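In order, the protein sequence lines correspond to chains V and C.
Counted the way the working numbering counts, the first sequence spans residues -10 to 495.
Counted the way the working numbering counts, the second sequence spans residues 75 to 444.
I should point out that these hints are in silico values taken from the structure, not numbers from a laboratory.
Just so you know, not all the hints are guaranteed correct.
[Unchecked claim] Taking lysine-lysine pairs in the DSSO-like style, the calculated list, with each CA pair at most 30 Å apart, reads: (1) V:Lys242 / C:Lys200; (2) V:Lys419 / C:Lys184; (3) C:Lys411 / V:Lys185; (4) V:Lys392 / C:Lys349; (5) C:Lys393 / V:Lys185; (6) C:Lys200 / V:Lys213; (7) V:Lys242 / C:Lys357; (8) V:Lys213 / C:Lys358; (9) C:Lys200 / V:Lys231; (10) V:Lys24 / V:Lys329; (11) V:Lys231 / C:Lys357; (12) C:Lys357 / V:Lys213; (13) V:Lys235 / C:Lys216; (14) C:Lys349 / V:Lys235; (15) V:Lys213 / C:Lys380; (16) C:Lys200 / V:Lys392; (17) V:Lys262 / C:Lys200; (18) V:Lys185 / C:Lys418; (19) C:Lys358 / V:Lys235; (20) C:Lys418 / V:Lys213.
For clarity, every value in this text was computed on a predicted model and none was experimentally measured.
Letter by letter, the chains look like this.
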Amino acid sequence: MKDSFESTKHFVLRLPDLAKDFFHYSLIGYIIEAKSLTNALIYTKYWAFIWGRVFKLLLKLLFKQGPMGIFRVLRQYPWMFQLLGVTRLLRRITYGRKGAYLESTALVIHVIAVLLVEKLEEVFYQPDRLLINEDLVPPEIAMAMGLNVWLVEGMGILLPFLNSEACLDFIDEAENAGMNPDSCSFVKSAVGMVIKNQQPKGVAIVSSNMPCDAGMTSYSYIQKQLDVPIYRVDVPYNFHNKRAEKLFVEDLKGMIAFLEENTPGRMDWARLKDICEKRNRMMELELELWDMMRVSPAPLASEAIWLSHLFLFHWFPGNKVSIRLYERMVELAQKNLAGKIPAVENEKYRAVLWNPPFPQFPDIFNKVERAHGITLIMDSMSYNRHDLIDTSTPETMLTGLSKIIMDGPMVRHTRGPAENYLDDIFRCYKQFDLDMVWIANHVGCKGGQAMNGILREKCREMKIPLLILNYDLLDPRIVSHEGMLSQVDDFMENVMKNKSPLAMAH
Amino acid sequence: MNRFQNLLESPQNELVEQAVFDGRIPIGYSCSFVPEAFLMADKLFPVRLNAPGVAGTEIADIYLSNFICTYARSLLEFAVDDRFDLIQGWVFVPSCAHMQRLYDNLEHLKKPAFSHVLDVPRKVTKATLEWQAEELRILADKLSTHFGVDMSDNSLMKAITEWNHFAEVIQSIGEMRKNTTPTITGTEFHALLMASLVSPKDLIFPKILDFRKALEQRDSVGSFRSRLMVMGSHLHDPEFIRVIESQGGLVVADLFCTGAIPGFKPVKMNGNPIKSLAEHSFKKTLCPRMMENFDRRLQTIIDTVKEYKVDGVVIEIIKFCDLWGVDSMTMVSALRKEGIPVLKLEREYSIGGEGQLQTRVQAFIESMGK
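Hey, can you work out the whole structure from these sequences and the hints?
Written as structure tokens, this is what we have:
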């Protein structure tokens, strides 16, 4: 009784702060703070589009499955409540941005909302065609077979964007089940969701040996829990040769045979050709965007580059919405370029981020832009280097896809000799005329941690400023946001000799 | 028994020195997917890389970080410290991220005159068997070119025959542990096995035969409260087994890279030595790096428990090993489902925290009602 009284009192006392916070992140809050009508209109447009999508999802669910259906869905996937924080994310990452740059950021969030709704509808209405896919196995083949692809790790990445603590329960659940606490929180989160029965079951699983030992090994557990058949593709260590390509193409054929045997999916080569061609189109547009990003100051930056690639190339390649997004991104970049308008007004430093970005603290880029003029130009997850897929025959398509998989981000960086990891950083540094390299030093990524020593020495030799930013991918308890910002401030003051009056960590 | 313990005091023992003095070529390796027999051709001999008595890994920590397993860090520390100066070639396997990065850092800090990565696939199919055979062929050519050694089929056949003979003897000693009153302790067996992995086989073989003869004269090793099986990551120091046995748990079976199960089954010859070795390397190793062998590993453990009359299983994991760390979650629950008591222990590469280990083992044995 005393406890309830205390917590009610505590809640009441916090009400003014909560109201202030709610107001700050609301549309009205934005409009009041916005300094231009154009920006307010851009923001309002995407705010309305996003909520429109959310309501469409709920109404369709209500119409198709009734109120009990909604209740069942929310009970099975309680993380869906987190999705209601989407416009709060929009506010966080667009803070202080203007014009085309504001639109590019808002557009990415909008497109994610659109495609996620599409994906959730597949989960709700077509469970018999749902394939559980590991995040680094590209979905093109399964899509061509008429299967819907659900990435086990997808929510582990997306939910912390909305709420930095969204995955903590899943992480704890996996550790309580016996998973080593030092393993990657991304893997723990996926396993925790499976244990809590908050992942769709699907009809089969496709996993791989990518990108790390923890991820690969976790699929024994996931498969036993979901109790559906599994196929595992195996990328060789030395993959830059014809022999590896041949082996991997055979592996992909084995995967197709497995899917035909264990799912209702049937290979449709014409459909694969269509998907690959559309994927090629996405890539052409992305390359066009990259070309413009080489200009200093950059016409767009940050989420427009990394978040769009992370989400669309991994989960929605060849999707018409993905293509439309890239077309619009190119238009926005061209507009800024023509008007000589920099994305970041005070662009002082151009940075590349190596290793996966910070899902539990995505607004860090926005903060460092404003505080130090650091502009994120490129990241390792987006920095692909491969040819377009040759769609002339099934064999050439499989070869093209196999190269994309093997040369994909994290895959090529976690195997082969050290040069695969290091040379890409230096190549990127040169290509985009950068001023600094950031390493997202995720505590659970052992392969990456073990490269820091060599990288540090190479960067010293080449006089490249290097920030190794310690953090945990999904768990802010390991390094707090304050701690992360303070690492940036210290780096700027001590290495870049540029102490900013707007230093972030106070 | 001291004769084997003594051979484990240095990463390059007196037998290695003797062989090098005789003009032979030691090749270091760190993963069981490298077939030992393959490295026994002509003048070559395999040495399992170990770092006995490693006191600290200060330099390795700078490069590999504190989050990499202490086995990899210890090897790098010893390499930087010139403790492997007799080793003339290194053969790695991308067994895990830690080993891959050990190779990368070694190449950066102290590039060996000969090093090679044997690209062992992570699943077994007809195509990957062919791949593995081709990998061995590539390595054979490279060894032959670099060291001028004979890696022909005949030379490899001879090496396989020699290894098979050796493995049969090791296996026969290992099987003595199936008896209700074994004549060898787990500590003794592990010391023998480790010594055989870090020494030239032909030089240590007479000592092993002598030891087997002595075992045949023994009655038993005395009474123990329970019979245990140890499985998990690399285990080099027999001291770990001794601590377990000091609490009354006789270790009668071992399933780890440097254990006898299933590693010492003879190579089945199929007329093509390279192919035989490729097949053998997949059969003789049960590591969670292989994506599809969980059920095989589980079944092997269950069979071993029955065959060796094991009361409980101890899973030992080197801290930061993701393969065993994640896999053990599935394995522990699968074994418990089978009614097999399990104790999961995290440890460092070199033995430490003896008191804690004793307490955990003691409690485990008591929990089994022994």
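**Study point:** Broken hints, by number
**Key:** Structure breaks no hint.
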